[in-house]
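Chemist: Read top to bottom, the protein sequences are chains A and B. According to our numbering, the residues represented by the first sequence are 980 to 1091, in order. According to our numbering, the residues represented by the second sequence are 67 to 181, in order.
Derived by calculation from the structure, the hints in this document are not laboratory data. Any given hint could be a false lead.
To be verified - If the Cβ cut is set under 7 Å, some of the chain A residues that face chain B in the computed set are:
(1) Gly1021
(2) Phe1082
(3) Gly1083
(4) Ser1084
(5) Gly1085
We put the beta carbon where it would ideally sit given N, CA and C, even for glycine.
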Amino acid sequence: NAGVTQTPKFQVLKTGQSMTLQCAQDMNHEYMSWYRQDPGMGLRLIHYSVGAGITDQGEVPNGYNVSRSTTEDFPLRLLSAAPSQTSVYFCASSTGQGLGYTFGSGTRLTVV
Amino acid sequence: AQSVAQPEDQVNVAEGNPLTVKCTYSVSGNPYLFWYVQYPNRGLQFLLKYITGDNLVKGSYGFEAEFNKSQTSFHLKKPSALVSDSALYFCAVRDRGSTLGRLYFGRGTQLTVWP
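Pulled out of the complex, with its shape left as it was, chain B reads as follows (with noise of 0.2 Å):
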């Protein structure tokens, strides 16, 4: 069965320090591995993926994320966070073999960055 985890509600850190998100994951075989970002009344936005290649992939808006095959983790990260990134965060996974494209969530992190 597939599955996300993320061991965090909330995030809390101060504009300018580095940020992490924390995310690992259970699936059958090898996984494709998303983060979205969602702002209040608005639908997710895709930040990332992970499909193949260099472990550290980077995305939209200064994030970047690696994959850890070995620890099932893909880690969502920024060095220097803004106010304005304040939002719920979600990793997805979804099994290279299936053919069905199904997405399985995690429940969120909420990130809050203060002035």
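Next up, chain A with everything else stripped away, as it sits in the complex (with noise of 0.2 Å):
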């Protein structure tokens, strides 16, 4: 089914460790970002890219690291996990005009 795939769904993670948050799309989509949701926080964009090989901050990026050598694939590293990055993770796409975003179904991360 076409959509955007993220894995994995859980994750726990002590402090200081690393890991990868993989998302893959299968719509062709040129842009695509990825947001932490918090309670009553909204949600906040780590960061973005805007096609293969071009990637941007968003608003919450410390701690975080993000590579698009394909347009399929935009996975997000997180160098050394922090209690603060405890958090549910989302990927989205979307073609460059920006008018229909897509959604993953998150990854929760807990970091201990």
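Dock chain to chain to rebuild the complex, using the hints, since each chain is given by itself in its own frame.
Modeler: Shown next as structure tokens:
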């Protein structure tokens, strides 16, 4: 089925560990982005990409890295996990016009 | 700077009654406006969007929203609420002058419809 696929769905990390959240889309969308959702905060943009090889920071980029080597994939890397990064992470993609966003089902991350 | 405000953290309504979830926005140019819904432990699902044209937009599941440029609002409405409408609702805005496609979200409004 066409859409945005995120893996894993759940993850527990220890402080200081690193990991990569995977995001893949099969709709040939140019634009991809990562958000984190925290209670009472809505969704906040972490990083985004307007095409392969092009990425930029959003509102809350610290502690996260991204790369976009292909149109389909947009992984999010946590370099050294901290309890403040406990959150639900959503990946989204859109055509370049940004008129329709498709969201993945989310990754629930807990850092202990 | 772009921003979205959802002034109510929670809206409670009885089944069968009309519902309104409020949203106001601030963008530097003309907006694209969106409503998304999130059910427990799920991702965001698209409800409707305003791009251009008629100020009253109809979307999924019987929802509609009215774009009011003078009041910079985009309130979500439904004539008759269902218990199954209970969920978290997000308003989002994008400046149509932006080529980057960045969406800005409100904090969300928890809608509870009781039987």
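Chemist: All hints, please: hold or fail.
Modeler: Hint-by-hint comparison with the structure:
1. Residue-level restraint check for A/Gly1021 holds (minimum Cβ-Cβ distance to chain B is 4 Å; threshold 7 Å).
2. Proximity of A/Phe1082 to chain B holds as hinted, the smallest CB-CB distance being about 4 Å (cut-off 7 Å).
3. Evaluation of the A/Gly1083 hint against chain B yields a held restraint, the C-beta minimum of about 6 Å falling below 7 Å.
4. Look at A/Ser1084: its Cβ gets to within about 4 Å of chain B, closer than 7 Å, so that hint holds up.
5. At its closest, the beta carbon of A/Gly1085 sits 5 Å from a beta carbon of chain B; the interface hint therefore holds under the 7 Å criterion.
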